[in-house]
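If you read the sequences in order, they're chains A and B.
Under this note's numbering, the first sequence has 46 at position 46, and the numbering climbs by one with no breaks.
Quick note: to get this note's numbering, add 111 to the position in the second sequence (first position is 1).
Bear in mind the hints are in silico, worked out from the structure with no lab data behind them.
Computed from a prediction, not measured in an experiment: that's the story for all the values here.
The C-beta atom is built at its ideal place from N, Cα and C for all residues, glycine as well.
Please note: incorrect hints may appear among the correct ones.
[What the hints assert, rightly or not] Pairwise CB distance ranges (calculated): (1) A:S58 with B:G196: 18 to 24 Å; (2) A:S58 with B:G151: 24 to 30 Å; (3) A:Q97 with B:G151: 24 to 30 Å; (4) B:R175 with A:S28: 29 to 35 Å; (5) B:Q191 with A:S58: 28 to 34 Å; (6) B:S120 with A:A82: 20 to 26 Å; (7) A:R50 with B:P119: 25 to 31 Å; (8) A:Q14 with B:G162: 36 to 42 Å; (9) A:D66 with B:P181: 39 to 45 Å; (10) B:S138 with A:D7: 24 to 30 Å; (11) A:T94 with B:E182: 22 to 28 Å; (12) B:Q191 with A:T77: 46 to 52 Å; (13) B:P172 with A:A78: 41 to 47 Å; (14) A:K56 with B:G183: 31 to 37 Å.
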Amino acid sequence: SQQGEEDPQALSIQEGENATMNCSYKTSINNLQWYRQNSGRGLVHLILIRSNEREKHSGRLRVTLDTSKKSSSLLITASRAADTASYFCATGNTGFQKLVFGTGTRLLVSP
Amino acid sequence: GAGVSQTPSNKVTEKGKYVELRCDPISGHTALYWYRQSLGQGPEFLIYFQGTGAADDSGLPNDRFFAVRPEGSVSTLKIQRTERGDSAVYLCASSPLTRLYGYTFGSGTRLTVV
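Required output: the full structure, derived from the provided sequences and hints.
Here you go:
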C-alpha cells in the first residue's frame with residue numbers, strides 16, 4: 001500500500017524555472033525522505049527531514065515539512081533538463097524500519 | 112562494493128516457474144530492504160532484514176514469496192510458481208543502522224512472467 005500521494009502527478013516546465021512537488025501522508029512519522037528515479041530503475045536519495053524539523057536545504061533543493069497538515073513539499077530551483085525524472089516522497093514511522101513510498105511526480109524539464 | 116548490485120538486471124520466465132533474484136548490498140550495511148515497483152507506481156515494501164533475520168516481512172504478498180540473507184550480506188528473493196501478476200521491477204536497498212540515513216538502491220531486476 002502507498003502511504004503518500006504526490007501532487008501533481010506530472011509537471012512540465014522550462015529550464016530555469018522552479019519546480020514544486022507536494023506530498024501528503026496519512027499516519028504519524030519519524031522522518032520523510034525524497035528520492036529521484038530515472039528511467040524506472042534505481043532510486044537516488046535526495047534529502048531526509050526529521051519530524052522535528054520544518055525546513056531543510058541541499059544545493060538547489062528545499063524541503064519543507066508540516067506535520068500538523070501531514071504534508072511536505074520539494075522545491076527544485078533553477079531547474080535543468082537533467083532534473084527530468086520521477087520524484088517520490090517516502091515516510092518512516094520509526095528510525096530504522098521500512099519506508100513507505102508515495103505515488104510519485106513525473107517532472108519534465110524542457111531545454 | 113561501491114554500490115548495491117542486483118542480478119540479473121532482466122529476467123523473463125514462464126508462468127509457473129521458480130525464480131531467484133540476488134542483491135549484494137553495500138559492505139557493512141546492516142539493513143537490507145526489498146521493494147517491488149509496478150509500472151507507474153511507487154515502490155511497495157516487501158521485506159526488511161536487520162543482519163541475518165527478517166525484521167519485517169509484512170509486505171510479502173503470499174507464501175510464494177520468500178527471502179533469505181544467511182550471512183547478513185547477500186540476499187536472495189525467491190518466487191515460486193510465478194504468475195503474470197508478479198511482473199514488476201524488484202528493487203533492493205541497503206542502509207547502515209548506525210544513524211538515520213537514506214537508502215542506497217540497486218538498479219533493480221525487471222521480472223517479466225510470460
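- Looking back at the numbered hints, which does the structure fail to meet, lowest number first? Hints 1, 5, 7, 8 and 10 contradicted; others consistent.
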